[in-house]
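Chains as they are written, first to last, in the working numbering: chain P, 1 to 369; chain F, 1 to 369; chain A, 1 to 324; chain S, 1 to 324.
Hints listed in this document are in silico derivations from the structure and should not be mistaken for laboratory results.
Wrong hints could be hidden among the right ones.
Only pairs whose alpha carbons sit at most 20 Å apart, straight line, appear in this in silico EDC-like list of lysine to aspartate or glutamate [stated by the list, open to error]:
1) P:Lys64 / A:Asp245
2) P:Lys349 / F:Glu300
3) F:Lys64 / S:Asp245
4) A:Lys184 / A:Asp203
5) F:Lys57 / S:Glu238
6) S:Lys190 / A:Glu197
7) P:Lys57 / A:Glu238
8) A:Lys125 / F:Asp43
9) F:Lys349 / P:Glu300
10) P:Lys57 / A:Glu244
11) A:Lys253 / P:Asp55
12) A:Lys190 / S:Glu197
13) P:Lys57 / A:Glu197
14) A:Lys190 / S:Asp26
15) S:Lys125 / P:Glu73
16) F:Lys361 / S:Glu187
17) S:Lys184 / A:Asp245
18) P:Lys349 / P:Glu247
19) P:Lys224 / P:Glu247
20) A:Lys184 / S:Glu187
21) A:Lys158 / F:Glu73
22) F:Lys57 / S:Asp296
23) S:Lys253 / F:Asp55
24) F:Lys57 / S:Asp245
25) A:Lys125 / F:Glu300
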Amino acid sequence: MQETICLDRQSSATHAATAGAATRTLSYVDAVREATDQEMQRDPAVVIFGLDVDDPKCIQGTTKGLLEKYGPERVFGTPLSEDSMTGVAIGAAMAGLRPIHVHIRMDFLMLSMNQLVNVAAKSSYMYGGRVKVPLVVRSMIGKSWGQGAQHSQGLHSFFMHIPGLKVVAPTTPYDAKGCLIEAIRDDNPVMYVEHRILHFQKGPVPTAPYTVAPGKARITAPGKDVTLVGISYMQLECLRAHHYLKERGVTAEVIDPIWLAPLDIDTIVESARKTGHLCVVDNGWTTCGASAEIVAQVIERLQGTPNVRIQRLGFAPVTCPTTPGLESAFYPDARRIAASCYDLVQGRKMGWVPDERDDLKAIEFKGPF
Amino acid sequence: MQETICLDRQSSATHAATAGAATRTLSYVDAVREATDQEMQRDPAVVIFGLDVDDPKCIQGTTKGLLEKYGPERVFGTPLSEDSMTGVAIGAAMAGLRPIHVHIRMDFLMLSMNQLVNVAAKSSYMYGGRVKVPLVVRSMIGKSWGQGAQHSQGLHSFFMHIPGLKVVAPTTPYDAKGCLIEAIRDDNPVMYVEHRILHFQKGPVPTAPYTVAPGKARITAPGKDVTLVGISYMQLECLRAHHYLKERGVTAEVIDPIWLAPLDIDTIVESARKTGHLCVVDNGWTTCGASAEIVAQVIERLQGTPNVRIQRLGFAPVTCPTTPGLESAFYPDARRIAASCYDLVQGRKMGWVPDERDDLKAIEFKGPF
Amino acid sequence: MHEQFYHSLYRIRRVEEELARNYPTDKIKSPVHLSIGQEAVSVAVCQALRPEDVVFGTYRGHAMYLAKGGNLKAMVAEMYGKATGCTKGKGGSMHLIDTDAGVMGTSAVVGTTIANAVGCAYAMKLRGSQGVVASFFGDGASEEGVFYESLNFAVLKKLPVLFVCENNGYAIHTHQTLRQGVAKIHERAKSFGMSAELIEDNDCLALHEHVTTAVKALRGGKATGPFFFECRTSRWREHVGPNEDFHLGYRSKQDLQPWVDNDQVVRIAKLLPPAKRAQIEAAVEAEVQEAFAFADASPFPPESELYTDVFHHQVPAPLLKKVA
Amino acid sequence: MHEQFYHSLYRIRRVEEELARNYPTDKIKSPVHLSIGQEAVSVAVCQALRPEDVVFGTYRGHAMYLAKGGNLKAMVAEMYGKATGCTKGKGGSMHLIDTDAGVMGTSAVVGTTIANAVGCAYAMKLRGSQGVVASFFGDGASEEGVFYESLNFAVLKKLPVLFVCENNGYAIHTHQTLRQGVAKIHERAKSFGMSAELIEDNDCLALHEHVTTAVKALRGGKATGPFFFECRTSRWREHVGPNEDFHLGYRSKQDLQPWVDNDQVVRIAKLLPPAKRAQIEAAVEAEVQEAFAFADASPFPPESELYTDVFHHQVPAPLLKKVA
Ligand SMILES: Cc1ncc(C[n+]2csc(CCOP(=O)(O)OP(=O)(O)O)c2C)c(N)n1
Ligand SMILES: Cc1ncc(C[n+]2csc(CCOP(=O)(O)OP(=O)(O)O)c2C)c(N)n1
Ligand SMILES: [Mg+2]
Ligand SMILES: [Mg+2]
């Protein structure tokens, strides 16, 4: 069924095609690894480091083989020192390297906030353009199997809030490769947000290097009744919701913003103008989150024109619990997304919740990890 | 003219009255100091620490006299160790103290994010209610006179985003005292956001202890044409804008949310329903900021009812520059707020910008500081 | 005394072996970081503490939790995600807590509880309590800035803290020498101005003696804290999960063998008369079976629990007597 | 050599005195942290460096900036908020930079540039450059976690870094002994496994000798870095601003007197023939007047500048030769 989902993503497949080159089916993990490998080959200034990038598990496989190929000076694990290692990455970038700093958990970025917010984001500006910080920070959002309070957060909105940072959250192997190459070549700090469940995704990926640049969101499933924006892992749940909604004759236009900063709001606005209904589903909390920003921008753009109905879905406004029953209530899922989109379109509570369909089941992320 | 502004704040004055007790005019600084003093007197579990709280300048005067009165065990300066001192505050709170941790700059909280987001906000929940963290974190937003990139940020939206944290940004001496006492008595972590220019504000403050609890925003100037929500220092600029708008016969209903988490959205929604126009002005960036959240919530609540026109104003989407010309362009000010509210009400660009009025001039914050 | 040591050591070992055995079934609902091989450190330290003393630890906290007297049923139930768990199923295995036993918390973010432990010690000292606080953390945690900042503050304020570094030589799969310019954590601790000792060989009794001396001095007011103990030890299983991990190649069976030969559970067992030993083991087996049965039989929390505990209910601010 | 020392010392002193003199006028547009009294450290270190070597520092960075060869006109213009300033008026006095002179940046958040300096050194080593990096920071900065983390990484990777701690005894108004359990920063540095020295008395020539030896060893490949220098010195004026601050009562004129008596500007002056000295001073005066006049005459940046430099313009990723 992963295939189904992937095949659904017309434009991504097309995109791959148009990229011309030979295309294979790769996992998200392999797409990330290939992008890194190709850029390190192309540009000796690219280095990759972070806790455990060189250990036997090599970050879910995303750094596999790099140490052997590029050596311990360009590929190295670090001490448990997120704050200073972020500062090291910034200093190295100022000196002309293009570091990729990897964090196995986005939650750990809270230790790097001072260097990211006060130094990386501000150096180009506060030094009057005298320096640049070509830095990529990879971090992974965890989910399921008791990840719990401190291993589950999607904190991308923090970085969207700060001028000077770019933020990208690819959801397909195709975009994982293209966005990472784009991020590495960008002369500014880019927060590259992964999700551990998306790592299992498979999809078409061209062999040759290519970039997926900011400025273009992707319509991953066409529709006319409601615009469904899914961020990070929630893109998958939205595509599933798209299938559930068909049962009610509702076609949801599913959009993947891909780049959250800069954000392609036009594509979302045009879709919302067409469907008259907008539901933004984030893999994070809604308050002051990406969903608040997208909804606010759409309304700013569409006010005056016939009322667009809007809705935000995201984490429950609580800390993430570990026990499965509570955890599944903590996250939006395809069926609940479909249910509330149906209510949104109908303009009232319809009390419909689709029965779970095996052909749309989620892949479960199983520990130990 | 500070007086004028303060007198404008009907309900705050009233409130003071209703609080019954004797009321004097105090500065914001003295209100904060008095609240701390009265709570330390009432409850021996209250302690206050942070860089320089016990130095000759005692945090703009907000900690003046406390060391002499309560001794170095309850009032102490710390090493330059924001990360661990935040952890120390949390551990002390778990053990039954009620620490007030002070930061002279909100920007420095970026060093405390791990303890605030991953520990303080989550302990009650992830420990199943077995512990509580009655912690107050005071931090100050800087402005003017070359504060620049790293001494000017209003990052309160980060804390609004995280379940388990409360956030308050009082703008009057009355609320400064009432909210601080409320925050100290709250059994949860409260981010208490000050602004260095608001420190100079004067206003009526009852002598006796009192609390200003979450759940009630305050209408600081009545109006019928546009709802103007001003956060932190921007509340002052909004009150000035209220006066400028009168020149055009537009009455703005100015609202001070006071508590940002939990947020009293009802008061804002009701006002917006009445005026049909909402302008939220934040002392921070708009993207994924408090202004995005307020706008999104109002739209969620009012959709379907006749269109409400909305607008967000905040920092320019750049790093804060030091040179005065650029810095003043970086911040919203009363005249530009008035101009864009006028356009909002008229539904089109009117090209009106009021001439500066001395009776509404801002107090300038002068270094050295 | 050897009886208590053996009871505690054997109990921890057996509980974790049972957890490992249950792992393949889907009963355990969160990642488990076993202490098998490291029990001696927790037991040696906690045997020197009183119930009113406090400990803080890490996601690898089973041994500490049990050694300090944490409730076994509540622990296993927590692993199973049950409402009867020590955090009602909300925290899972990485956030064990039992405030009644002075287990004040464990964290999944490396290093965080070191500062929390120091803050707790500050509060206890301010309140004139005789209690001491033990902060457990790994060799990897000693690379985080918060570690050094916390040492400095503890020395500055002369706090009754025992810093217990469980140095098992690895952070996940990376050896200490690949992460630290000089692999002498206790030397760094010393440079902050505190007494710091290295206990080389996971020796439960030797460590216990050192800690007892320190705690006595603290309580008697003959010394001020903090004290630092770098305890060499070894994790026998994989970083997370129930299995061995020699196949990964970052360490070999031979590397581990000396530690296995020096197993403190076996060592202390030998110091007991066989009858006594059998009696202890029987008691532990019974308790362990009971705990797992309890966890099995316990209900999952109702969905309504999702929204509780985000904020703590208001109660009047505690006055000093309440606090103390 | 004494001539260069004196020229550099006198120049820094005079520039800052002029800034202080101008302070009451509204020309200076951002808070100014004067180095008066501390110039010797920057001069001693930078006289041992080459143009291609790099320095990172703090908001109290005027001395370092000038000693390393930072452009004086661009510095004063920056203080005045002018478009000709070293950051076009965007960064102000706390973010001086002159990449042409190897001044890679200064920060207002204490401790941040220590890690940046180490990262820069990593890049230079990777590129096989002969350059060294000097990281300047205060005694207060040594309390931030990032300081220790950075020391460990620099030792682990044997990086060509000179850690230069300008220990003026105070963080704002708080004495070192009120913030550090043991006031021996160099001892802590040593425990990380690097050569670390204490230079007691702000001795410009002695420090220069130590640093020169270290840099020679580094470039000759006879030693690997890092090296640590704790340099006792003293700030004569208030923490921020142009005045003395004895009225605050946190230190007395007597406390400061020994440092004033040991003023390195006066000391080095005495080592020069009067004519030479007069010549240097005349040249400096002329340059200083010219720089302030330049700043005065320069325009403020246009409002359009507000939106530039948030993001750096795209250029092709540099290849190694470009980088080196
Ligand atoms: C701040 C932080 N960084 C990284 C991690 C990922 N991580 C989990 S356990 C671990 C190793 C910790 O090693 P150590 O402190 O020696 O404890 P041990 O597992 O050996 O008991 C790491 C790096 C984390 N949990 N927290
Ligand atoms: C991370 C951080 N915390 C606090 C401050 C506020 N602050 C500015 S300067 C200073 C003192 C720094 O002392 P030191 O490192 O010795 O440098 P000095 O001013 O003595 O040159 C402090 C605490 C800051 N700028 N950054
Ligand atoms: Mg370890
Ligand atoms: Mg100092």
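Here is how each hint holds up against the structure:
| no. | hint | result |
| --- | --- | --- |
| 1 | P:Lys64 / A:Asp245 | 18 Å, holds |
| 2 | P:Lys349 / F:Glu300 | 15 Å, holds |
| 3 | F:Lys64 / S:Asp245 | 18 Å, holds |
| 4 | A:Lys184 / A:Asp203 | 18 Å, holds |
| 5 | F:Lys57 / S:Glu238 | 12 Å, holds |
| 6 | S:Lys190 / A:Glu197 | 18 Å, holds |
| 7 | P:Lys57 / A:Glu238 | 12 Å, holds |
| 8 | A:Lys125 / F:Asp43 | 17 Å, holds |
| 9 | F:Lys349 / P:Glu300 | 15 Å, holds |
| 10 | P:Lys57 / A:Glu244 | 15 Å, holds |
| 11 | A:Lys253 / P:Asp55 | 18 Å, holds |
| 12 | A:Lys190 / S:Glu197 | 18 Å, holds |
| 13 | P:Lys57 / A:Glu197 | 34 Å, violated |
| 14 | A:Lys190 / S:Asp26 | 50 Å, violated |
| 15 | S:Lys125 / P:Glu73 | 10 Å, holds |
| 16 | F:Lys361 / S:Glu187 | 54 Å, violated |
| 17 | S:Lys184 / A:Asp245 | 43 Å, violated |
| 18 | P:Lys349 / P:Glu247 | 17 Å, holds |
| 19 | P:Lys224 / P:Glu247 | 15 Å, holds |
| 20 | A:Lys184 / S:Glu187 | 14 Å, holds |
| 21 | A:Lys158 / F:Glu73 | 12 Å, holds |
| 22 | F:Lys57 / S:Asp296 | 33 Å, violated |
| 23 | S:Lys253 / F:Asp55 | 18 Å, holds |
| 24 | F:Lys57 / S:Asp245 | 12 Å, holds |
| 25 | A:Lys125 / F:Glu300 | 51 Å, violated |
Hint compliance for this structure: hints 13, 14, 16, 17, 22 and 25 are not met, and every other hint is.
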